[in-house]
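Number of protein chains: 2
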Amino acid sequence: MKKHKWMVENGTFAVLEGNQSVIKGYMVVEDDRITYIGEQKPQIEEPIEIIDGTHLLFLPGLVNTHGHAAMSLLRGYGDDLALQVWLQEKMWPMEAKMKAEDIYWGASLSVVEMLKGGTTAFVDMYDHMDQVASIVDQSGMRGVLMRGVIGLCPPEEQRQKLNEAIAFAKAWHGKADGRITSMMSPHAPYTCPPELIEMFVQASEDLDLPLHTHMSETKAEVQQNVDDYGLRPVAHLERLGVFSRPTLLAHAVHLTDEEIDILAKHNVAISHNPGSNLKLASGVARVPELLKAGVTVSLGTDGPASNNNLDMFEEMRLAALIHKGVSGDPTAVPASEALRMGTEYGAKSAFLNEVGRLEVGMKADMIALNTDQAHFLPHTDFISHVVYSASAKDVEHVWVDGKQLVKNGECLTVDEERIRREAQRTFERLTAQ
Amino acid sequence: MKKHKWMVENGTFAVLEGNQSVIKGYMVVEDDRITYIGEQKPQIEEPIEIIDGTHLLFLPGLVNTHGHAAMSLLRGYGDDLALQVWLQEKMWPMEAKMKAEDIYWGASLSVVEMLKGGTTAFVDMYDHMDQVASIVDQSGMRGVLMRGVIGLCPPEEQRQKLNEAIAFAKAWHGKADGRITSMMSPHAPYTCPPELIEMFVQASEDLDLPLHTHMSETKAEVQQNVDDYGLRPVAHLERLGVFSRPTLLAHAVHLTDEEIDILAKHNVAISHNPGSNLKLASGVARVPELLKAGVTVSLGTDGPASNNNLDMFEEMRLAALIHKGVSGDPTAVPASEALRMGTEYGAKSAFLNEVGRLEVGMKADMIALNTDQAHFLPHTDFISHVVYSASAKDVEHVWVDGKQLVKNGECLTVDEERIRREAQRTFERLTAQ
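Protein sequence lines, in the order shown, are assigned to chains A and B.
Take 1 as the starting number for the first sequence in UniProt numbering and just add one per residue.
Take 1 as the starting number for the second sequence in UniProt numbering and just add one per residue.
A hint or two may mislead.
[What the hints assert, rightly or not] Capping the alpha-carbon separation at 25 angstroms, the derived lysine-lysine pairs in DSS-like fashion look like this:
id, chain 1, residue 1, chain 2, residue 2
1, A, Lys407, B, Lys407
2, A, Lys99, A, Lys175
3, A, Lys407, B, Lys393
4, B, Lys393, A, Lys393
5, B, Lys292, A, Lys393
6, A, Lys292, A, Lys265
7, B, Lys292, B, Lys265
8, A, Lys5, A, Lys41
What the hints contain is simulated information worked out from the structure, not anything from laboratory work.
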């Protein structure tokens, strides 16, 4: 088959390479890969498609490393409540009613929002994951998908859920031209008994897949872990063998210095969820200390019911802002580091080795922002503008695997209008029951 | 002259009236005023212009209660630096070079960004304010404009600056069909000697104008006030007679319980600037305590060099998020309160009595958001969506005094393209000098 080869002319490319944050010039993409980035126009014999990049800033696609996409159906359904009231009276009763088809429309609504907002890959932990995989497959997006297992049930049921998680991973890992990958995902130390977590570690070894779990989101759950097992969550998970496997932890808000050292030692990646942690009043994670210790820290939105949007620019900005304000150090988490958290460190956290940077040989998962706008002026420091000034709606074009999925702000691969209509209907049906 | 009368049909209007957050139905505007809002279609004899509001959410125009619009020229110019390095090596040398015309283009760039993002009124403190007044006049926007005076200079020069501030207020207060008002503005207790502040209090009385000043933005300036005057800033300003006048204070990050009581007693309004306070690592203001004490707390972006955008949706969201995260209380600053801070309390803080609410008899300063988007679904709680999910770019239409200034996201009264071009040129000229 003939290669699909195209070139961006006069673009600005965020390469974040040493002291050079951007390159102005040319980029060539062949099929799913970047084959050239440079200031000089490359010699190309044959006529190829040209994109005018004059007013476009190209970034690696954003990677959202923790979420529950289908919870978009519960956006704005019970905000500003105490955590237990919100969970017990709002979230859980609605989630108990959700069927496979509901998950499909909820996840699809999130896929539309993420794609249009420049997120090209996302980590998703929920139930009925076949449905999520289905819309990821159709949309052309990249998904790291897993059946999350809450083990607050009899051992037999726990084992059945584990088997579902294994079956899902076997069915989907590596599918959709490799765009779908999977992980093994016990929900959290406070919702899974130690034996179940150990079974997940075993499955992770057997299937050669990483592990993903929530940890230390709230002070209360840390205390419960100490009460139940005599250990804080990090030592507990270390003892259960979790960190012997490649692991991504969501939240990790409440950490001691010693716990940070253990996470660094085992190369554990963290998904920092600043929007959700603030909204649910969980606290402020020790991100500057984690980064200093060499821990890979990426960014996640968490589910849309606790955020409430899926705007990764907002998460980058929050990561850059709150740690300055809380630590008193205006140099904490500078813009370039926040952008890496949303891209390069995101890819690393999600165990995606071929995305996250604009670099020759990498997959062409990338986005283009319109810089011809008041809040992008003056054209000084584009990385600063991305982190401190931009939003999801500045994204004009999105590509995954070199294929364009969003053009001039419109989805090319999914029927946005139908998805919006069905998501609204699904919500109405769920609340009418 | 014949009245300009028009009606919105099938719109959703954020009225924030007791338990009713929105009304779905009809709104009539006659010239500069709202004359009807209700569920029932009003009886109207003559044919009038109709706007289809089916997918629009109407809010009062957002009020930005603290900023320095012309500093848009310095956006992204030296981020992630320690405060003194940023001020001394980046901001002050550039500001020293700025001429009247530069201020015009910088302020114009901000006016474009604010208008398109749904801000209909802003408080602005800077130099060369004639230039800011000029673009406010042309644009149709509402501006509360004042010559801010830094008194770190000989008494003669201080007096000359005060006279400029007075002359500006006399020339512009009440102009542009009443859209421009003014205040008296000594820059801050740490940049103005007590005698100068007292002269401003006197001028405020003579001209019957309120006062606006920075206060207690950083811990260091509070300590300096104690060292210099033996008092914390609130007691110091109280002693100088500032609070005998209607007053708006910017920042007020570092406050004791006693200081909060004094501010409440004197009905002093606060402009909370969460984005700037976080970015400059100033700290987190005690907003829940201020609101509880009955203090009027509104929102400001501060200058675009320390924010770095002028998106008031972001300030509302930060106000709703950070106080939850830092206090540990998920019910702190609920969405409806954050929206009031951005609208009703903003108008009150800026001493604008006829805007800030969608209500019969109020001026028609209002904005319409497109709710037909993924992040506005499901259509559950629109106030929650505005605060936790929306951004500046969801704004479709903007009116001030009943006159449309933005239509389908495009400025009708200013030449955006020219302003962007001139702002970029101005920046290049300033850096080349």
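Consistency of the hints with the structure:
{"no.": "1", "hint": "Lys407/A - Lys407/B", "in the structure": "holds (23 angstroms)"}
{"no.": "2", "hint": "Lys99/A - Lys175/A", "in the structure": "holds (24 angstroms)"}
{"no.": "3", "hint": "Lys407/A - Lys393/B", "in the structure": "holds (18 angstroms)"}
{"no.": "4", "hint": "Lys393/B - Lys393/A", "in the structure": "holds (7 angstroms)"}
{"no.": "5", "hint": "Lys292/B - Lys393/A", "in the structure": "violated (36 angstroms)"}
{"no.": "6", "hint": "Lys292/A - Lys265/A", "in the structure": "holds (13 angstroms)"}
{"no.": "7", "hint": "Lys292/B - Lys265/B", "in the structure": "holds (13 angstroms)"}
{"no.": "8", "hint": "Lys5/A - Lys41/A", "in the structure": "holds (15 angstroms)"}
Consistency with the previously given hints fails for number 5 only.
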